[in-house]
Amino acid sequence: MASENGNLLEVKDLRLYFKTRSGVVQAVDKVDFNLERTHATVIIGESGCGKSSMAKAILRLLPRNVQTYDGKVYLNGGDIMDLNDEEFRSSVRWKRISMVPQAAMNALNPVIRIGDQVAEPAMVHLGLNKKEAMSQAAQMFEHVGVPTDFLYRYAFELSGGMRQRAALAMALVTLPDLVILDEPTSALDVLTQANIMNLMKRVKGQMETSFILITHDIATSSELAESVAVMYAGQIVEVSDSYHFFNEPLHPYSRKLMASVPRLRADVEPEFITGQPPSLVNPPQGCRFAERCSERFEKCDEEPPMVKIGNRQVKCWLHVGGMENVGD
Amino acid sequence: MNQLRRFSQQIREYPSAVVGLIIIGLLLIGSVVVPIRIPYSEAVRLWRGGEDVWGETPRNAWPKWKNWFVEGKLPETIRFSTAEGDGNPVVEQLSEGTREVKYTFEFDFPYDEFPSEINIFAKARYNEKQPFVEMLWITPDGREIRAGEFSSAPSSSFRFSQDTRLQRRLERQTGIDGVSANKGLFDDPEQEGLQVLKGTYILEASTLLFEDDSEVDLTFVSYGLIHGWAGTDHRRRDLMVALLWGIPIAMAFGLLAAVGTTVTTMSIAAIGVWYGGKLDGAIQRMTEVNAILPLLPILIMVGTFYSRSIWLMLGVVILLSIFGLAIKNYRAIFLQVKELPYIEAAQSYGASDMRIIFRYMIPRVLPLTIPDLISLVPAFVFLEAALAVLGLGDPVLPTWGKVIEDAFKQGALFNGFYYWILEPAILLMIAGFGFALVGFALDRIFNPRLREL
Amino acid sequence: MSETEMQPSSNGALLSIQNLHVWYELKRFGFGHAGFVKAVDGVTFDLKQGDSMACVGESGCGKSSLMKTIIGINRPTKGDIVFDGMKLTETEGEDLREYRSKIGYVQQDPFGALPPFMTVQHILEEPMIINGIKDKERRLERIRKTLTEVKLTPVEEVLPKYPHMLSGGQQQRVVIARAMILDPQLLVADEPVSMLDASVRVEILKLLRGLQETHNLAVIYITHDLSTVRYFSEYIFVMYAGEIIEFAKMGKLLGNPQHPYTLALMEASADPDAHNAQVMRDVPPGEPPSLVNPPQGCRFNPRCKHMIPGVCDVKKPPMIATEDDHTVLCWLFDPQHGAET
Chain L
567 MASENGNLLE VKDLRLYFKT RSGVVQAVDK VDFNLERTHA TVIIGESGCG KSSMAKAILR
627 LLPRNVQTYD GKVYLNGGDI MDLNDEEFRS SVRWKRISMV PQAAMNALNP VIRIGDQVAE
687 PAMVHLGLNK KEAMSQAAQM FEHVGVPTDF LYRYAFELSG GMRQRAALAM ALVTLPDLVI
747 LDEPTSALDV LTQANIMNLM KRVKGQMETS FILITHDIAT SSELAESVAV MYAGQIVEVS
807 DSYHFFNEPL HPYSRKLMAS VPRLRADVEP EFITGQPPSL VNPPQGCRFA ERCSERFEKC
867 DEEPPMVKIG NRQVKCWLHV GGMENVGD
Chain Z
407 MNQLRRFSQQ IREYPSAVVG LIIIGLLLIG SVVVPIRIPY SEAVRLWRGG EDVWGETPRN
467 AWPKWKNWFV EGKLPETIRF STAEGDGNPV VEQLSEGTRE VKYTFEFDFP YDEFPSEINI
527 FAKARYNEKQ PFVEMLWITP DGREIRAGEF SSAPSSSFRF SQDTRLQRRL ERQTGIDGVS
587 ANKGLFDDPE QEGLQVLKGT YILEASTLLF EDDSEVDLTF VSYGLIHGWA GTDHRRRDLM
647 VALLWGIPIA MAFGLLAAVG TTVTTMSIAA IGVWYGGKLD GAIQRMTEVN AILPLLPILI
707 MVGTFYSRSI WLMLGVVILL SIFGLAIKNY RAIFLQVKEL PYIEAAQSYG ASDMRIIFRY
767 MIPRVLPLTI PDLISLVPAF VFLEAALAVL GLGDPVLPTW GKVIEDAFKQ GALFNGFYYW
827 ILEPAILLMI AGFGFALVGF ALDRIFNPRL REL
Chain Y
133 MSETEMQPSS NGALLSIQNL HVWYELKRFG FGHAGFVKAV DGVTFDLKQG DSMACVGESG
193 CGKSSLMKTI IGINRPTKGD IVFDGMKLTE TEGEDLREYR SKIGYVQQDP FGALPPFMTV
253 QHILEEPMII NGIKDKERRL ERIRKTLTEV KLTPVEEVLP KYPHMLSGGQ QQRVVIARAM
313 ILDPQLLVAD EPVSMLDASV RVEILKLLRG LQETHNLAVI YITHDLSTVR YFSEYIFVMY
373 AGEIIEFAKM GKLLGNPQHP YTLALMEASA DPDAHNAQVM RDVPPGEPPS LVNPPQGCRF
433 NPRCKHMIPG VCDVKKPPMI ATEDDHTVLC WLFDPQHGAE T
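Protein chains in written order, with the working numbering: chain L, 567 to 894; chain Z, 407 to 859; chain Y, 133 to 473.
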């Protein structure tokens, strides 16, 4: 089922709230974004903004204390939120969307050989027998740059970078349409990070897989994606193509965020943002960034709409017709 | 303070724990109140004292509340003491130097069962000639039975059941061979077999005093089949004393052993982990050897060859438990704690080894030990009871285990004295139950992964 | 600042690392011996009071071991450290405590660095109690002063809090306050901001810089993130597999990096730019070598694309000064063997 505008993924009004001791955490609060085929998008946000919860929401990997989970997620035109859990498991999860979770290298089972682990999704979801699955796994290892004799090793025998590659192989083994990467490089060294990023660029080109990259590491956020979404306090506050975004971000938070990154090559003094993000338990009314925003005004007490400017979107009153002139 | 409030909030979510806390609270209150109300010396006296303490309580009597469960009413103990003014003495001077003092003991007997015994105790004061006591039994239906007579020494007792002449008289009356006095005197002759004749009975006791200054104090006791809230044992001791005093003893033993063991074990594990190397190795080997040593047989040996004092037993138990296998668990946790950044930070500002162990490592782990500690208390309480049942209980103190031991030796179950075993057993179970409930809830509070949100 | 017992070998520097080796023994199953992890294998540099130095390297390069040895937690296996006139290898017991009290240590993980069961006040009192400041009032006064300096105000509200009640940035400020509370001469900061959010990092780095200027501290700043070093240090050295492979004044290293590894680090440290997604980064493959059996000769040679066979994999390269205040440990700059300058 292809969608009209060629989008692989369309997320509309996605919500995920959790029940906790201290109240209801509105981790993902009516999130909208789209992803084209063979493209990658990066979701930038700091800790506690809900980005990891969003990854789980898309893949329906929900913990037990879920209170609200609704919205629409169109994968190639079909709403996968409509499927029941079993259908979702057998037809979507790891067949069409897979994930490399945070600290993936620690998520590898220490008592099972790497090759077996990587082959397992192929057996379960594609119905391959052991031999076929192992050869698929070997192929994936080649793609990600792990020597094939590592198929018979255990996780602890591999270095951090190798384990991350193995986790990526596990996500790719079923040839999904979309891979969600949750902080894929945050625990790795700089050179290893660069190598992994190179790897993903290659995989994206060769296998035509789409990626959603979720990270708080602004520096590496521009390595992979064609489009950027900025998340703050459970909401997406800006969506843009990467060229325009990294040149000139629109939302005050995005601006401040980009300004806070120290530059190696430019001699610019970085800024910082005072204060902290609001708690997701009782998010404030109106614009959630308002209390830390230097350009705040009275209208900001109301929740701002998502404003379209060309093919960019900004959730800010400053950009509502005529308040500030930002074009492409 | 804030932490306590949060904690009490959390624990209120587990009703079972609240129940457990109430039980523990009651036990702790009991541990404090009982030694105040019945001081130690008093308890020992009541438990060990001789006949004069127990003489007037029935043997193996059921607790009062048995009456609520049975059809007929069980008799209570009826007691008259002339020294306390009972008996309406009527004095008659018979001749020079001889006088007769006639006492009348009148009582209602509305019960359906016979008393277990009837005794009369006499304490006579005289110079040479012993006073003489004669007794006449008058039944509600007007029969008069000569109950018996005896001369009174400074301390005498007349046990109605042991007087053979009385027994023969009663055999003729009731027509039943071998009838004992406590039954015969109360039997209804109209009815077939032995049936209690309800009504007002009178015992007339005439004392003949042959000297002007001689006196006799009589105490008449009809022993009931029920006594007190807890019943009595084979030595006529009120079990309530043992049950009540068992509380502080069980609590003291359990808590001291649990706390002592846990704290020491944790400290040893921490010290071993911190210093590592040979010390750690030595501790591990000691633990492994200790794991093979059998606790109960060693305790039995100590108790048999050395002393059965409860404090000695406590000491040996703690000594053998501190190198228990729990050390391995703590060691695993401490190995992780040792790598935490703040430990390194403490080293960087010069903290000494001991300080790090006791102020940085142990406090981190302490909350995790509390559920274990609480769950350990009943284990030690049961251990003490088990030792007592095996005959190694403290020889002086009244404990629950001791009661069970006595009951066991006296064949309580065989003889139908169920209360004797059930009461201490139930108390042990309640104590264990209370701690276990709290322990489970604490486990869930301190170990969030076990929680259900 | 005491310079009374200066050893002649310390060149007037506050901290002098002299051919330091820190080797850890590898045990097999608790018995026997399986070699050494040569975490620090011959490091030499000096640091003057008031100067700050950045130590850059990836995990496993030995920088953490180096720092722990400087602080006095590890023992040197060979070589020595002279700090404020005290030779570390000859310092024990009470003297060692004094040594440690002059160095402040800021760690990477702000939450892990604070004992979770102590209040902020208690955390800050501990170093003072241990180092003999008995008067409670004096301690509290110092605490107030330090907390104000790290901008954790209002002080009275912060004191009774437990670490989990503070945000990451606040926790790190407490860690910094603790490091400063004994008025140290040297501050060692091991990746102080890498676990904090991007928007908070700069604030903390600026705070550290401010403290350095106010107190004329000597600072060693360890990081793997090259982009932060320029705001913070005069000198920088790059570590690889236990050795210093390049050492220079900040501007010179960033403007003219020489060692192939340094070049790779610079290449891998991206500034955000949309163009990045289109190009592959030119970084060497592979991983840092095992410290138990490092490669023969130059330790980077297996991954280096400029490797000269027969030279780089056979002999250890010399430390060559390519310009003022700039030295490199590489055969490429040796006039005899080097192909490029």
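In case anyone wonders, no lab produced these hints; they're calculated from the structure.
These numbers come from a predicted model, not from an experiment.
One should not assume that every hint holds.
[Stated by the list, open to error] Stretches of chain Z that chain Y covers, calculated by requiring three or more beta carbons in the stretch to come under 8 Å of a beta carbon on chain Y: (1) 742-748; (2) 756-762.
[What the hints assert, rightly or not] Below 16 Å or equal to it, Euclidean Cα-Cα: the simulated EDC-like pairs (lysine to aspartate or glutamate) are: (3) L:K767 x Y:E323; (4) Y:K338 x L:E837; (5) Y:K338 x L:E774; (6) L:K822 x L:E861; (7) Y:K338 x Y:E323; (8) Z:K529 x Z:E482; (9) L:K661 x L:D651; (10) Y:K180 x Y:D414; (11) Y:K437 x Y:D403; (12) Z:K472 x Z:E502; (13) L:K622 x L:D651; (14) Y:K384 x L:D833.
[Claimed, not checked] With beta-carbon atoms standing in for the labels, derived distance ranges: (15) L:D636 x Y:N425: 43 to 51 Å; (16) Z:A697 x Y:T280: 20 to 28 Å; (17) Y:N425 x L:R630: 45 to 53 Å.
Glycine residues also receive a C-beta, built at the ideal position from the N, C-alpha and C atoms.
Status of each hint after checking the structure:
1. Coverage of a stretch by a chain is defined here by at least three residues with a beta carbon nearer than 8 Å to that chain's beta carbons; for the segment 742-748 of chain Z and chain Y the count is 3, and the condition holds.
2. A count of 4 residues in the segment 756-762 of chain Z with a Cβ less than 8 Å from any Cβ of chain Y is obtained; the coverage claim is therefore met, three being the minimum.
3. About 29 Å separates the Cα atoms of K767 of chain L and E323 of chain Y, which puts this hinted pair outside 16 Å; it is violated.
4. Between K338 of chain Y and E837 of chain L the CA atoms are separated by roughly 10 Å; this keeps the pair inside 16 Å, and the hint holds.
5. Of the pairs offered as hints, the one joining K338 of chain Y and E774 of chain L is violated, with about 43 Å between alpha carbons and a cut-off of 16 Å exceeded.
6. A C-alpha spacing of about 11 Å is found between K822 of chain L and E861 of chain L, which places the hinted pair at or below 16 Å, so the restraint holds.
7. The hinted pair formed by K338 of chain Y and E323 of chain Y meets the criterion: a straight-line CA distance of about 14 Å does not exceed 16 Å.
8. Only pairs whose Cα atoms come within 16 Å are accepted, and K529 of chain Z paired with E482 of chain Z is rejected, the gap being roughly 24 Å.
9. As the CA atoms of K661 of chain L and D651 of chain L are separated by approximately 14 Å, the hinted pair is consistent with the 16 Å bound.
10. A hinted pair counts as satisfied when its Cα atoms are at most 16 Å apart, and K180 of chain Y with D414 of chain Y does not qualify at roughly 36 Å.
11. Distance restraint check for K437 of chain Y and D403 of chain Y: the Cα-Cα separation of roughly 24 Å exceeds the 16 Å cut-off, and the hinted pair is therefore not satisfied.
12. Taken as a hint, the K472 of chain Z and E502 of chain Z pair is broken in the structure, with Cα atoms around 53 Å apart against an allowance of 16 Å.
13. Between the alpha carbons of K622 of chain L and D651 of chain L the distance comes to roughly 14 Å, so the proposed pair stays at or under 16 Å and holds.
14. At most 16 Å may separate the alpha-carbon atoms for a hinted pair to count; K384 of chain Y and D833 of chain L meet this at roughly 14 Å.
15. Range check, D636 of chain L to N425 of chain Y: about 57 Å between beta-carbon atoms, so the 43 to 51 Å window is missed.
16. For A697 of chain Z and T280 of chain Y, the hinted distance range of 20 to 28 Å is not satisfied, since their beta carbons lie about 55 Å from each other.
17. Restraint check, N425 of chain Y to R630 of chain L: a C-beta distance of roughly 48 Å satisfies the suggested window 45 to 53 Å.
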